[in-house]
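Colleague: Residue numbers (the numbering used here), protein chains in the order written: chain U, 1 to 312; chain G, 313 to 724.
Just so you know, these hints were derived from the structure itself, not from any lab. It should be emphasised that the depicted structure is a prediction, and the values quoted were computed from it without experimental measurement. Be careful, since some hints might not be right.
When the alpha-carbon atoms are kept at most 20 Å apart in a straight line, the in silico SDA-like pairs for lysine to any residue are as follows [unchecked claim]:
1) U:LYS236 <-> U:VAL309
2) G:LYS434 <-> G:VAL714
3) G:LYS434 <-> G:THR689
4) G:LYS434 <-> U:LEU248
5) G:LYS434 <-> U:LYS236
6) G:LYS434 <-> U:GLY271
7) U:LYS236 <-> U:GLY176
8) G:LYS434 <-> G:THR664
9) G:LYS434 <-> G:LEU358
10) G:LYS434 <-> U:TRP297
11) G:LYS434 <-> U:GLY176
12) U:LYS236 <-> U:LEU248
13) G:LYS434 <-> G:GLY521
14) G:LYS434 <-> G:VAL353
15) G:LYS434 <-> G:ALA345
16) G:LYS434 <-> G:GLY324
17) G:LYS434 <-> U:VAL295
18) G:LYS434 <-> G:ALA315
Residues per chain are reported as follows:
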Amino acid sequence: MEIVWLLVVGLLLAGWYALDGFALGAGMFLAALRGDARSRRHVVAAVGPFFLANEVWLIAFAGVLAVTFPDAEAALFTALYPVIVLMVAAWLVRDLGMWFRARRPEPGWQRWWETTQAVASLVFAAAAGLFLGNAVQEPGDGVLRMLNPYGLLGALTTVALFALHGTAFLALRTTGELRERARRAGGRLAPAALGLLVLLVATAPLASATGLAPLALVPGLAGPAGVTVAWRAMRKGRDGTAFAGTVLAAACLPLTAGALMAGRLLDGVAGESTIDRLTMVALPILPFLLAAQAVLWWVHRHRLNDRSVTFF
Amino acid sequence: MDALDLARLEFGITTSLHFLFVALTLGLAPLIAFLQTLWVVRGNPLHERLTKFWGQIYIVNYGLGIVSGLLLEFQFALNWSGLTHFAGELFGAPMAMETLYAFFVESTFLGLWIFGWGRLPKVAHLLTFYVVALAAIGSAYLIVVANGFLQNPVGFERAGDALRLVDAGAVFANPAALLAVGHILPAALMVGGFFMAGVSAWHFRRGTGEIAFFRLSMRLGLTVGYVATFFTIGFGDASVLWVVRNQPTKLAGGAEAVEAARRMAAEHGPGDYLAPAWVPIALTVMLSVAYLYVLFALIPIVLLGRGRIERRRLLLGIGVWTIPLPFLTVILGWMVREVGRQPWVIYDVLPTSQAVSDVGAASVLASLVIFTSLYVTLVVVGYLLIARIARRGPESLVLGGVLADPEPVGGR
């Protein structure tokens, strides 16, 4: 049963990377749209319907991890305390930017919260990458130890991958000039993201505390493949394929790290009775949750148009 | 201050401010569900405007509730890992169920509701809000089950250095949880109802002209708030009686408290087991506010008929200026509940000092400073914006707006 819960925890985190990843990437893209208030509004409107449903994945991950792998979580979170504080702080600021932006009409007010959202999205992505990069290593103490080369590589890769993911999402959801800009930006980002991701996967056996886990090869290879597919599709203007590629790549990032860490996580698993009980009460809800999110996607499957509902 | 004090301070500040938003969210949800049902059943456009106006206040408030709640989820792992290790099965399981069952559902369906205006069929759209409101109540229940275990540990046995669940039914039917749910839900309705009435009073006082709109809001808010006051008091009194009997060091005072403290010192080692002296005072203040509402909220209710209240400026002013009162009172309630249980994180089982994580005081201090400043910004700017939406009235509705509209909240 532990294996099932390890998978659930992994899928919740992968779901967050795949979903909030594009929201964070789109948030960063706001910075590229200086002087174009209309496009910035469209970016926010494109993300809007999914925003709430995306970030719950990370909360669910933290909540489930705490119960199913309490000791592994405590060890990880205590060792990486500053990274988590940075991540949660950036998360709060990103959300404030989203919630506050449209609540006043002044252009200065909106620009301020858009900039805030862009910067905080970048920091949030970087902190999430720093967390993964450090988590696969032997946990150590001290802020400076967290800024080790592999941790920084993780941060950089996550930022590049989320930025690419964001452009793929915007190309899929918008029309006209904004779509073209997103596609061009995606085309330029793709090689950088691919290079970083390959480097991150290739150096993983050196950094990993548990050496190489054969299972990590699957997501480790699928991730770069996803970026490659997205790169080609973006050049040909096939937005759907490009987005599918970046979804795969984003989801593979935590799965690779998770496969490397699986042994250590399983050592810190909760008692058998906890796992059994949680399996009875919590597992049946998962299909329903996925269905609710699928309905949300179905309702908002169209490209943005004048009739699209906005709130943020 | 050491890591323990700092971690306690951080938890106190963040939960109190988070609960400001939670209380209003919980209290407004049933009122909005009622208004939208009226609209779907009767098709009166006034009810649609009412739903949208109160709905957009609700959403912003809900959003700030999420933002302020994010840290709480992580705080247990960051600052209180001793608690998750020791009681993960009893305390963590309801918390995890809350994130999955209630919060995940609530957020996804709220997204469907906000962005489903004009897209979903009317009845399906209404049902999404029912799911949101029910999930909010479920969320409150599960959180209070987790908290109730800390107040009144039941259904467990010790297994080594951790607790093991033996009776799940006892945990979920814990009187410390059920009494609290019975108290918190009507208290939230007081917050929501008197907020709705207070905002309506502001509009009458300013003569903004939306007579029918705010007449209905005022009626609904005052009636629900007033009726809820009696339930709040009833369950509050029952809780106090229960606490005096089961947590003697919290409120009892006198010989019983001293006797209980002596027993704890004998069993768990020396320490200060009596709750601070101001806890009963806070309780008295809370009770006084509730009785003030019982006495004086009757006046506007009597005047509700035929719009007589709408010209009484003094009364309307009181309605506006007392909007913060229920908010402050619910925070006092949590302080009594949480500070009163100290120095225990799990009453009479696990001292707070053993629940705190093994982290340096400097780390906790840094996170305390960062998050407190973020929370202050969030609360101040957030409530200014909510007040702005409330003041602008139903003429500028953002909820259900589309991309072709001019930038929302335009002008003025």
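Colleague: Each hint: holds or not?
Modeller: To see whether the hints hold, each was checked on the structure:
1. U:LYS236 <-> U:VAL309: violated (30 Å)
2. G:LYS434 <-> G:VAL714: The given pair, whose Cα atoms are some 17 Å apart, holds under the 20 Å limit.
3. G:LYS434 <-> G:THR689: Violated, because 37 Å separates the two Cα atoms, which is more than 20 Å.
4. G:LYS434 <-> U:LEU248: violated (36 Å)
5. G:LYS434 <-> U:LYS236: violated (40 Å)
6. G:LYS434 <-> U:GLY271: Answer violated: LYS434 (chain G) to GLY271 (chain U) is near 47 Å, above 20 Å.
7. U:LYS236 <-> U:GLY176: Holds - the C-alpha atoms of GLY176 (chain U) and LYS236 (chain U) are around 16 Å apart, at most 20 Å.
8. G:LYS434 <-> G:THR664: violated (50 Å)
9. G:LYS434 <-> G:LEU358: holds (16 Å)
10. G:LYS434 <-> U:TRP297: Distance ~19 Å between LYS434 (chain G) and TRP297 (chain U) Cα, so the pair holds.
11. G:LYS434 <-> U:GLY176: violated (32 Å)
12. U:LYS236 <-> U:LEU248: Distance ~19 Å between LYS236 (chain U) and LEU248 (chain U) Cα, so the pair holds.
13. G:LYS434 <-> G:GLY521: The hint is violated at about 29 Å.
14. G:LYS434 <-> G:VAL353: Satisfied, since the Cα-Cα distance of roughly 10 Å is no more than 20 Å.
15. G:LYS434 <-> G:ALA345: With a Cα-Cα distance of about 13 Å, the restraint between LYS434 (chain G) and ALA345 (chain G) holds, given a limit of 20 Å.
16. G:LYS434 <-> G:GLY324: violated (42 Å)
17. G:LYS434 <-> U:VAL295: holds (16 Å)
18. G:LYS434 <-> G:ALA315: violated (53 Å)
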